[in-house]
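Visitor: Each protein sequence line maps, in turn, to chains A and B. Sequential numbering of the first sequence, starting at 1, is according to this note's numbering. Sequential numbering of the second sequence, starting at 1001, is according to this note's numbering.
What the hints contain is simulated information worked out from the structure, not anything from laboratory work. Just to be clear, a hint being listed does not mean it is correct.
[As the list claims (entries may be wrong)] Below, simulated DSS-like cross-link-like pairs (lysine-lysine); rule was C-alpha separation at most 30 Å, straight line: (1) Lys1364/B <-> Lys364/A; (2) Lys1142/B <-> Lys392/A; (3) Lys1453/B <-> Lys2/A; (4) Lys453/A <-> Lys1364/B; (5) Lys142/A <-> Lys1392/B; (6) Lys453/A <-> Lys1402/B; (7) Lys392/A <-> Lys1453/B; (8) Lys453/A <-> Lys1142/B; (9) Lys1453/B <-> Lys142/A; (10) Lys1093/B <-> Lys1002/B; (11) Lys1392/B <-> Lys453/A; (12) Lys1392/B <-> Lys392/A.
There are 2 protein chains.
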Amino acid sequence: MKVIIVGGVAGGASCAARLRRMNESAEIIMVDRGPYVSYANCGLPYHVGGSIENESDLLVATEQTFRQNFAVDCRTRCEVVGISSERKCVELKDHATGDVTTESFDKLVLSPGAAPIRPPLPGIDLPGIFSVRTVPDARQIKQWLERGAADLSGMDSYTGFQTVTKPQRAVVVGGGFIGLEMIENLAHRGLEVTLVERLDQVMPPLDPEMAKLVQRYVERHGVRLELNDAVAGFQQIPDGSLEVLTASGKAHPADIVILAIGVRPETALAQMAGIETGERGGIRVDEQMRTSNPDIFAVGDAVEVRDFVTGEWSLIPLAGPANRQGRIAADVIAGRDSRYRGTQGTSICQIFEAAIAQTGASEKALNRLGDTDFEKIFLYPNSHAGYYPGAKMLAIKVLFRKSDGRLLGAQVLGEDGVPKRIDSFAMAIQMGCTIYDLEESELCYAPPFGSAKDPVNFAGMVAADILRDDMPISHWSEVNNGFLLDVRNPPELAVENVSGALNIPLPELRERLDELPRDQEILIICRSGQRAYYATRILLQNGFQARNVAGGMLSRSHAASS
Amino acid sequence: MKVIIVGGVAGGASCAARLRRMNESAEIIMVDRGPYVSYANCGLPYHVGGSIENESDLLVATEQTFRQNFAVDCRTRCEVVGISSERKCVELKDHATGDVTTESFDKLVLSPGAAPIRPPLPGIDLPGIFSVRTVPDARQIKQWLERGAADLSGMDSYTGFQTVTKPQRAVVVGGGFIGLEMIENLAHRGLEVTLVERLDQVMPPLDPEMAKLVQRYVERHGVRLELNDAVAGFQQIPDGSLEVLTASGKAHPADIVILAIGVRPETALAQMAGIETGERGGIRVDEQMRTSNPDIFAVGDAVEVRDFVTGEWSLIPLAGPANRQGRIAADVIAGRDSRYRGTQGTSICQIFEAAIAQTGASEKALNRLGDTDFEKIFLYPNSHAGYYPGAKMLAIKVLFRKSDGRLLGAQVLGEDGVPKRIDSFAMAIQMGCTIYDLEESELCYAPPFGSAKDPVNFAGMVAADILRDDMPISHWSEVNNGFLLDVRNPPELAVENVSGALNIPLPELRERLDELPRDQEILIICRSGQRAYYATRILLQNGFQARNVAGGMLSRSHAASS
């Protein structure tokens, strides 16, 4: 058996190594058009920022590793320039020599990845505008950033000119994962950073209210945000620096521009091979990573996957899924019955000292599907026991089925303890957990690491209170129509008040029930929703109609309606 | 309805608050014989160590909170001195006044906790010997530790006597959670610390090879370990300091002694009430936390619980389960059908910069039950992408069913990323996960937080390789009988060698197969087991009999046999 794998990063590399383990006698050729295989593209922003110091650290496995340990014929700077599905062969161009050779295959695996979107805007090819996809990209960005210092290295001790030419102002176009990681890393290098984003939020997979928290956090770290404004073009001004021009007519000065608009599945090979692509623009594969041609497999960022929660076809370009898909393609080629269960979109992104993470379905995705059988809650628990130093507030949004309590999705932002929680939610979603299961989860607790009631338990308890009708809830978008009761203490109201709300601090509530209307729904507010829950219980059991406003004041400022 | 809750920490406090939310009209009395309710006993070691500065920080909720927010008649320094099951009443002694009053109940909830074991050894009542259970305990320890400084505060600038009388040498008796936390906190205060433990390992719930790693780590932090040696008594020597005398005849000098030998369920109240206790010495309850008397409930460290994985009756004194049990008792009293699913023993303990955590069954527990349908693996992955700074090696042991792949237990030690992994395992065990599910788990990954193949995935893959017969394994305890092949590179052998092993570095293996015996099982060694896996695949497919020695050299030094 002869297998050709096109693309030697993540999915392709995993496929090659796994296939060799499953089949010692197969002939395996792995080609990549770039200079490296199996490099850490997720590490590129951190190499630019300097926390990953050496470029060589990004090279997870080399051509030599693949040859020696896996007996894989590994070829870099080698590009597929033609595919014949009928004759089952590919044409390979060696970029070192320019030679084109033909190789036959029994099975072909496509792992070409996704390419950064580079719209044909005026000035997009000006020097100083970069994408962040490959090791050479990162090298060029670093060289550009160090240029000023290097040029003036002989004279900076007495002229002070260095500050004139060394890049100081960066504009990042696009607020997705790469954009946010680049912001942090450019700021880390001391640059002034502006983020220009066409949409009304950063991190498109996130729900807008969680994105708003991210936006505020980024702004507090000195980044200028320009949302709702598309880039219209770029121009060089007389001093040699750039301007990023936007649809709204603004011109943002820049010494360097990072394009992080998003990625698009590489489907040129699929077109050559005549295999099917889907409506999302990716290569269509079955559960076994087989394309419409049974001898051709595809894995990684180039393929469409089923969303594990919603069942939708999706593009979810993440490294973990790419690796698993590579293994599954290898298993299937080796004659095993492996299947891919879909992608649930578990992701995390470091933003300065914080992390934003999510897993499963967003409210956006559910709304897009017209799904109304869900409820959402917002929690703001401490990352660990509040009495132990270093506890930070987490902001958590959890989505679950109203009809059966099934956990659908979670989004978590915070400066501490985010991975612990998102992975619990991720495992829970994989296993079809309900929010009743979350109530009972037994997660690790010691004061430095958690709480006796972990935020994940707490999410389960709040959701279960709703589904058991112990705590009807309301959302800020709905508070216009009810009687507002604020159960916080007066000093808290002095900081931020809700106009029109009656204030009865929780400890006084039982004695002051006669101040409340019995013919009207009472919407109860506190800081985070906890005291309002206690108040809701008191009122319901005293014959009032009451609802807890989900997430309390902490949700108000970023609620969709405000 | 009138409910009396005895014990106002963790289980009792949770029960009171939950019961009020479920039933606004019940009369709820919560009593505690100590001066505080709802204090953070898990924080006591950190208060002694100084990271939790103020004693008041330990008071999570006060009597006033319970009165005002929950309308609970909360009484401290109030002890139950008699229970009549027939008349359904308790006698309460108010320690402030000495008065004894009688209160009737409809339902009684016992949450007395567990008491530190204090064996009747010679000298155990000498000054300077402390347990760590209550806020006053911690206060006394702090005062004792600060005594020297306080006594000499007026003169320490010129005499230097302070160093003579301020406690410098601590002996901690018992190497469980509290013992280890106290070690860290005493060392943090600058004391020289000796740990004396009767057993041959610290942390009894851990398996011995994982405990050995903890022991090494603690010793590297300057703590003197005296295992396998029971304390025989204590004596005061002429300079006023103490000596801890052991069964082996040693005398360990000490300026302070911490007794952390373990805890024993408080069953005095159960005896008064005439309710059943189990063979483990705890109060017996059903799934609804009901004792043998249907009007009396019991929760928390005083009760025996079913081990969620093994089904055994167990004593698992942990805060999370105590809280959940309190809620369940409240639900049941309020007429709901809540049930406790058992305890899986998820726990974590900070030890200097590291954390040791576990969940589910240990190998010890399975052996004790005569269960042989399990396999174990050892992994040593990075806590996050190795190319991103700060990655630390994790040591992970995973136990799973041989027959069906069900995950049974996990133990994780490391300086980074431990909570993320143990909680994934904990959630997986709760949901009945198999190791095949772990292969497919989609956990969060970005270079600072994980790897594209998370350690949890990696555990699933290794275990699945075994169960699919892709990788037969062996353990160090079995390596005496086979042909040993070491596939590491020569520089690695120079550091640590296995005598009698043939060395063929992995890259040369395919060319040197003729050096290997075909009539004998070949046991393959590398550093962590990964290259040995690759080698196992090569040999098996070439007709050899081969096994991977689980965990490689990293497991050798702490394997049970060595």
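Visitor: Hint by hint, which ones does this structure get wrong, listed from lowest number up?
Guide: 1 and 6
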